[in-house]
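Student: Order-wise, the sequence lines are chains A and B.
Residue numbers are given in my numbering: position 182 of the first sequence equals residue 182, and the series is strictly consecutive.
Residue numbers are given in my numbering: position 403 of the second sequence equals residue 403, and the series is strictly consecutive.
A portion of the hints provided could be inaccurate.
To be verified - Partner residues are not named here, just some residues of chain B that face chain A (Cβ under 10 angstroms, in silico):
1) T102
2) G106
3) T110
4) V111
5) R112
6) E113
7) A115
8) M120
9) K128
10) A129
11) M135
If you're looking for bench data, these hints aren't it; they were derived computationally from the structure.
We put the beta carbon where it would ideally sit given N, CA and C, even for glycine.
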Amino acid sequence: MIEASQLNKSFDGRVAVQGVSFRVPEGGRLMLLGTSGSGKTTTLRMLNRLIDPDGGTVLFRGQDTRTFRPEILRRQMGYVMQQYGLFPHYTVAENIAIVPRLLHWDKPRIRRRTEDLLHQLGLSWDAHAHQYPHQLSGGQQQRVGLARALAADPPVLLMDEPFGALDPVTRTRIRQEFLELDEFKSKTVVMVTHDIRDALELGDHIGIMDKGRIIQMGTPGELQQNPANDFVAAFLHGQTDAS
Amino acid sequence: MKEFLQFLESQSGKLLEQTLTHIHLTLLSVALAILAGVPLGILIARKQKLAGITLGFAGVMQTIPSIALLGFLIPLLGIGPKPAIFALFLYALLPIIRNTYTGIRGVDATVREAAVAMGMTRSQVLFKAELPLAMPVILAGIRTAAVINVGVATLAAYIAAGGLGEFIFGGIALNNTSMILAGAIPAALLAIMFDFLLSRAQQLSMRHFRWAGAAALIVFAFSAMTPAAKGKLLAGFTPEFMGREDGWLGLKRVYGLKIPTVVINDAVMYQALHEEKLDVVSGYSTDGRIRAYHLITLDDDQLIFPPYHAAPVVRKDALERFPELGPALGLLAGRINDSVMTYLNYRVDYLKESPAAVARGFLEKEGLFKPSRNGKKGVVRMGSKIFTEQYILCEMYKILVEGNTELSISSKTGLGGTKICFDALTNDQIDFYPEYTGTGLLVILQEPLTDNLRHKDSAFNFVRRQFDQKYGLQWLQPIGFNNAYALMMREEAARKMGIRSISDLTRFLDTQKN
Numbered sequence: 001m002i003e004a005s006q007l008n009k010s011f012d013g014r015v016a017v018q019g020v021s022f023r024v025p026e027g028g029r030l031m032l033l034g035t036s037g038s039g040k041t042t043t044l045r046m047l048n049r050l051i052d053p054d055g056g057t058v059l060f061r062g063q064d065t066r067t068f069r070p071e072i073l074r075r076q077m078g079y080v081m082q083q084y085g086l087f088p089h090y091t092v093a094e095n096i097a098i099v100p101r102l103l104h105w106d107k108p109r110i111r112r113r114t115e116d117l118l119h120q121l122g123l124s125w126d127a128h129a130h131q132y133p134h135q136l137s138g139g140q141q142q143r144v145g146l147a148r149a150l151a152a153d154p155p156v157l158l159m160d161e162p163f164g165a166l167d168p169v170t171r172t173r174i175r176q177e178f179l180e181l182d183e184f185k186s187k188t189v190v191m192v193t194h195d196i197r198d199a200l201e202l203g204d205h206i207g208i209m210d211k212g213r214i215i216q217m218g219t220p221g222e223l224q225q226n227p228a229n230d231f232v233a234a235f236l237h238g239q240t241d242a243s
Numbered sequence: 001m002k003e004f005l006q007f008l009e010s011q012s013g014k015l016l017e018q019t020l021t022h023i024h025l026t027l028l029s030v031a032l033a034i035l036a037g038v039p040l041g042i043l044i045a046r047k048q049k050l051a052g053i054t055l056g057f058a059g060v061m062q063t064i065p066s067i068a069l070l071g072f073l074i075p076l077l078g079i080g081p082k083p084a085i086f087a088l089f090l091y092a093l094l095p096i097i098r099n100t101y102t103g104i105r106g107v108d109a110t111v112r113e114a115a116v117a118m119g120m121t122r123s124q125v126l127f128k129a130e131l132p133l134a135m136p137v138i139l140a141g142i143r144t145a146a147v148i149n150v151g152v153a154t155l156a157a158y159i160a161a162g163g164l165g166e167f168i169f170g171g172i173a174l175n176n177t178s179m180i181l182a183g184a185i186p187a188a189l190l191a192i193m194f195d196f197l198l199s200r201a202q203q204l205s206m207r208h209f210r211w212a213g214a215a216a217l218i219v220f221a222f223s224a225m226t227p228a229a230k231g232k233l234l235a236g237f238t239p240e241f242m243g244r245e246d247g248w249l250g251l252k253r254v255y256g257l258k259i260p261t262v263v264i265n266d267a268v269m270y271q272a273l274h275e276e277k278l279d280v281v282s283g284y285s286t287d288g289r290i291r292a293y294h295l296i297t298l299d300d301d302q303l304i305f306p307p308y309h310a311a312p313v314v315r316k317d318a319l320e321r322f323p324e325l326g327p328a329l330g331l332l333a334g335r336i337n338d339s340v341m342t343y344l345n346y347r348v349d350y351l352k353e354s355p356a357a358v359a360r361g362f363l364e365k366e367g368l369f370k371p372s373r374n375g376k377k378g379v380v381r382m383g384s385k386i387f388t389e390q391y392i393l394c395e396m397y398k399i400l401v402e403g404n405t406e407l408s409i410s411s412k413t414g415l416g417g418t419k420i421c422f423d424a425l426t427n428d429q430i431d432f433y434p435e436y437t438g439t440g441l442l443v444i445l446q447e448p449l450t451d452n453l454r455h456k457d458s459a460f461n462f463v464r465r466q467f468d469q470k471y472g473l474q475w476l477q478p479i480g481f482n483n484a485y486a487l488m489m490r491e492e493a494a495r496k497m498g499i500r501s502i503s504d505l506t507r508f509l510d511t512q513k514n
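Turn these sequences into a full structure, and let the hints guide you.
Tutor: Given below as structure tokens:
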């Protein structure tokens, strides 16, 4: 579904990403795990062309992403952000409807879809659809953020620290909810996180990143059994979590 | 209060017309500033390098004094609503550009990124995220611009664009409080109303803007339907002239003059006449601009303008103490006629010669110049008002007194206006200054203008007698010229139409209509 090869990116001469390659099959879930500044978010943003790489290519369904118009490409990749990024001047329902409206869905279809998503995420149309983002708790806002990303049923979901702004209790609960969501299970997911538990629970593959490179890539089991070096081993045991 | 209500009642038609014009000027200029300023603000929010230049330019526009700006615009846009709207447009630009820029820069980067990441195009990001979120700030800028422009639009009366400034400036010139209030109160109410309506608009969400926009367009189209009718000839008069009996009122009553008029400031009036935007203006008959712009003054054959002959007014005790002073000052009597005085004013105002040099040159030509004797007999204190003509006259008197007597002159030139000069004289702060018969009559004696007093000699004899009796002041013989109100036309145009007097003008206009 998504294939990155030899991605490079520098900002003002400072190398952010260097020689990153990976492949995520349809329905696969890749976790990019690393400390802040390790280049994982830059990597993620190169997938939907929020950033254009200096070198290397990204293939989406076997086709070079540079051949797509960026808007068209992005509408097929739901995007979930750490700070939610909800439109403050839109209601919950309007926020969820953004991409369907860009795709010119008709109103009843948008309404059905919104109601369905709210229901799946434990929110209700009557109680929440007409509220504005600032009236919701952080956990509720992130659920709406996920609903918005899923609204047009894109094949791919890109997630940038989706639980990063939540307190530990909410974080665990929402992570569990996401995991149990039927919609979520069918998506091809690339997720950026610095939290080892996120990666272990949600990922089928984990790429450990440091200083712009992927140091080791494998299933959670492989990584835990055969860490490539001390950094990986330490990271997996949560000892360098905050560094 | 009663006076004010009566004024409103008698002038209600004019008040309505002025108010509509005022709304029109304000709305049209702000609408144009929105059309130009919002896109510019968006552009500089995207291209930061242009921001400094653009905001700097708009800021500089803001600092140009309005009357100067209007003056610059006359050669380009003429007089009337066009230059007024353009000037107002320039004043409204800065708050609108700056607030659009600030508003868009202030949109949360996360929201903008989310919009892009969801697959919005640049224009969708702009219209669905950036503009709606920046809208309260942009509207605050529009609000500022609208309120500023309601105030600045009063200046439209300076260049014949109408509006509530006509009452305000006319009232100030005529010292008519009811008239000032009849302009100032509606202007203040308009400012409050615009501010209120726009503050409501700030609270509306984006979807209501379509309706607000439609409503604004309707108001706008409605207010735009007040065009000014234009005849063959057009007269431009100062607000003061419009309200005076020895002005427009007298012209209508005594001459039966029928000509479309616009209200205009005297600073730009001559230029507008010169640029052929106007055909007739009111002015002062010895103004240097008459020569600079090749104008002529029309003969006041029915004598509606009171005479303003200049002559020195002197304290009697000074004349007694220095018997030689009177004859020395008298040397100038009858020496300067209107066109000579106009020429002397022209040399100072337009050729930038100093008043002293012009005074000396004139006296040399007249054979009156004598070098100063550097006398020590006594000091005579001389005053003057603050305009060119008075400066020139005072330089002449200084030369004449110091050259013909053993007296020396101490100048106290630049005494504000008539009242300051006159008070200085009666309080023994100065010994003499040049005054005008009409001013003595109407401002100092506050005498109602009877037909008898319209004649040169009777007016002079009257003020001389009254000043002697009331204040113990002596009017010496007049210098000759008459710096009175006058109607002016371009010399060439007047010649072509065969117009030399106001009666000629009246006849010409009457035959044009038939």
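Student: None of the hints should be skipped; say for each whether it holds.
Tutor: Hint check:
no., hint, in the structure
1, T102, "violated, 17 angstroms"
2, G106, "violated, 12 angstroms"
3, T110, "holds, 4 angstroms"
4, V111, "holds, 6 angstroms"
5, R112, "holds, 9 angstroms"
6, E113, "holds, 6 angstroms"
7, A115, "holds, 8 angstroms"
8, M120, "holds, 7 angstroms"
9, K128, "holds, 8 angstroms"
10, A129, "holds, 6 angstroms"
11, M135, "holds, 9 angstroms"
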